[in-house]
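Chemist: The primary structure of each chain is shown beneath.
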Amino acid sequence: MSFKVIKSSFLSTVQDYGRLNHGEHGMSQSGVMDEHAYCWANHLLNNYFNDAVIEITFGGLVLEAQTDTFIVVTGANLGFKINNEAAQMWHGLQIYKGDVLSWGSHKSGVRAYLAVKGGFDTSILFDSRSVNLREHIGAKLAEGDTLFCKGFDEATYRFIPPKYIPNYNKDIVLRILPTYQFNEFSINQRDLFFNQDYTITNANDRTGCRLSGAPITIKKERMISEGISYGCVEIATDGLPIILLKDAPTIGGYPKIGTVFSLDLAKLAQRQPNTKLRFELIDMYQAQKQRKKFNQFFEISF
Amino acid sequence: MHNIVPAGENALLIYFGDKIDATLPKKIGNFANQLKNTLSDVIIDVIPSYTSLHVSYDLNKISFQAFYNKVEVLLDQQDSSNSIVDIQTTHIPVYYGTEVGLDLERLLAEKNLDLKSFIEIHTLQEYLIYAIGFSPAFSYLGEVDERIQAPRLATPRIKIPAGSVGIAESQTAIYPADSSGGWNIVGRTLLDLSLNNPDNIDKFHVGDKVNFYSITRDEYLKNGGLL
Chain S
1 MSFKVIKSSF LSTVQDYGRL NHGEHGMSQS GVMDEHAYCW ANHLLNNYFN DAVIEITFGG
61 LVLEAQTDTF IVVTGANLGF KINNEAAQMW HGLQIYKGDV LSWGSHKSGV RAYLAVKGGF
121 DTSILFDSRS VNLREHIGAK LAEGDTLFCK GFDEATYRFI PPKYIPNYNK DIVLRILPTY
181 QFNEFSINQR DLFFNQDYTI TNANDRTGCR LSGAPITIKK ERMISEGISY GCVEIATDGL
241 PIILLKDAPT IGGYPKIGTV FSLDLAKLAQ RQPNTKLRFE LIDMYQAQKQ RKKFNQFFEI
301 SF
Chain U
1 MHNIVPAGEN ALLIYFGDKI DATLPKKIGN FANQLKNTLS DVIIDVIPSY TSLHVSYDLN
61 KISFQAFYNK VEVLLDQQDS SNSIVDIQTT HIPVYYGTEV GLDLERLLAE KNLDLKSFIE
121 IHTLQEYLIY AIGFSPAFSY LGEVDERIQA PRLATPRIKI PAGSVGIAES QTAIYPADSS
181 GGWNIVGRTL LDLSLNNPDN IDKFHVGDKV NFYSITRDEY LKNGGLL
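Chains as they are written, first to last, in this note's numbering: chain S, 1 to 302; chain U, 1 to 227.
Hints are computed from structural coordinates only; laboratory data are not their basis.
Everything numeric in this text was worked out from a predicted model, so none of it was measured.
Quick reminder that beta carbons are idealized off the backbone N, C-alpha and C, glycines included.
Treat the hints with care, since some could be wrong.
[To be verified] Just a few of them, taken from the derived set where beta-carbon distance is under 7 Å, the chain U residues facing chain S:
{"no.": "1", "residue": "A11"}
{"no.": "2", "residue": "G17"}
{"no.": "3", "residue": "D21"}
{"no.": "4", "residue": "N33"}
{"no.": "5", "residue": "I47"}
{"no.": "6", "residue": "N60"}
{"no.": "7", "residue": "S135"}
{"no.": "8", "residue": "A150"}
{"no.": "9", "residue": "P151"}
{"no.": "10", "residue": "P156"}
[Stated by the list, open to error] The following residues of chain S were derived to be distant from chain U, with all beta-carbon distances above 10 Å:
{"no.": "11", "residue": "V173"}
{"no.": "12", "residue": "Y180"}
{"no.": "13", "residue": "A287"}
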């Protein structure tokens, strides 16, 4: 049971929930960039929360099913088609051997997710199927690749309430926890950080997202390197923020003003350059409560 | 004295000191192990580095405050006990030649050293592993003798071959895989430290030591070394 890659694209990789327990070996967390779209895709198929999917960045991918199975496509609208006809997203679909799945034209968002019943069965490297190109772990999909998947024995039709299908064209507010060196930034500098519109730049990939705006300052520009959290916001020497994402290095030496709440990073993962963005504070209690609710709904457990 | 700060909705950072100190890495490495053993049901990952330990935990099972309290209790216990843990030393063969040591010739001229003296200085030390990061299994080793310290290159190289041994300020390191980077390259090892061999992720631990020894051009080539 498999899919064949007919045409490869700019960047399509296999990802799962991530490589969570190898930070001490210098390995990034890796894993899907948009946990919201990813979790819904697996949930709609009644998959395990950690099942591997294909993360398709900006489209251009064509696959052929070598088996009958069920799939769900979520995330960015990249003109998803089956046999050249527009197909439904955020919904379980039965497909048949020989069907051609394509993502040809970019409409909104950045990353689409293809989940298959039972998950893609690529090799597990360091406890995860997530590909990390920076770390030479796995490779992006290439023409001719065969993507094995597990079988299925039950059709699953779960539905997503429409309010959970995001609009990726809106400007966003990222809720941020005061962490790391937050208190070492002066009140004036923090005010400047929270009271401006930042803009997402072109330097925006799986490793991190660089913002443009009015620079802020901190007395200590460099510090002793320390462990990095997913979503922490470094203030680089030029005074501008870099939000560190799934493929970021495990340690870094720039001061950090806070850590973006993970569920808001899912929104960031679908924003294109030039999107406006603001930060606002969230407290630990609220962040943990909301994330716990999300984890419980999608049955995420370690 | 320790200082604990939140690092994210499911992570905190424990500072064991505020400046680089050769006694800290082993202490931090030991505490990381203790934490993983004692709180194995809630710990997701640990990242030791120079003066701090980053810890992520399962927020499904424990709140920030409750986790913080548990960590504090363990830190107090650690302070009172004086556990001695073995320090492992890994010996790394290096060919110090200008064909593979891309910056060697320049460094020798800048430092006014001959090759023999340079090798003596670099191989004399047992280097402490202060941190692992940047890329998988990349170990930050210190401290490099002042006579051979050199700042990072102004323009990093796009590709440094796997096995290259570099110097940046007071630190030295081996690039486990082909990588971009700005360190001064002085030689290359034959050892494959890349993830091609999955066991390599357990070869180095923060707080352990690394020592380099010099091999000749002939030994390097005979064992499959590339120029």
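Chemist: Is the Cβ of S/A287 farther than 10 Å from every Cβ of chain U?
Modeler: 4 Å, violated
Chemist: Would you check whether U/S135 satisfies its interface hint, that is, whether its CB is within less than 7 Å of any CB in chain S?
Modeler: This interface hint holds because 6 Å falls under the 7 Å limit.
Chemist: Using 7 Å as the Cβ threshold, decide whether U/N60 counts as touching chain S.
Modeler: At 5 Å from the nearest chain S Cβ, U/N60 passes the 7 Å test, so the hint holds.
Chemist: Once the shortest beta carbon distance from U/P156 to chain S is found, is it less than 7 Å?
Modeler: Violated: closest Cβ of chain S sits about 14 Å from U/P156, beyond 7 Å.
Chemist: Quick check on U/I47 please, does its C-beta sit within 7 Å of some C-beta on chain S?
Modeler: 3 Å, holds
Chemist: Tell me if U/P151 is really an interface residue toward chain S, meaning its C-beta lies closer than 7 Å to one of theirs.
Modeler: 13 Å, violated
Chemist: Holds or violated: is the Cβ of U/N33 closer than 7 Å to a Cβ in chain S?
Modeler: 10 Å, violated
Chemist: Do the numbers back the hint for U/G17, that is, is its least Cβ distance to chain S under 7 Å?
Modeler: Since the shortest Cβ distance to chain S is 9 Å, the answer is violated.
Chemist: Tell me if U/D21 is really an interface residue toward chain S, meaning its C-beta lies closer than 7 Å to one of theirs.
Modeler: With a closest approach of 10 Å, the U/D21 hint is violated.
Chemist: How about U/A11: closest beta carbon in chain S under 7 Å, or not?
Modeler: With a minimum Cβ separation of about 5 Å from chain S (threshold 7 Å), the hint on U/A11 holds.
Chemist: A cut-off of 10 Å on Cβ-Cβ distance, and S/V173 was said to be off the interface with chain U. Does that hold?
Modeler: 17 Å, holds
Chemist: Answer holds if the nearest beta-carbon of chain S is closer than 7 Å to that of U/A150; otherwise answer violated.
Modeler: Interface hint status for U/A150: violated (18 Å vs cutoff 7 Å).
The structure does not agree with the numbered hints 2, 3, 4, 8, 9, 10, 12, 13 stated previously, though it agrees with the rest.
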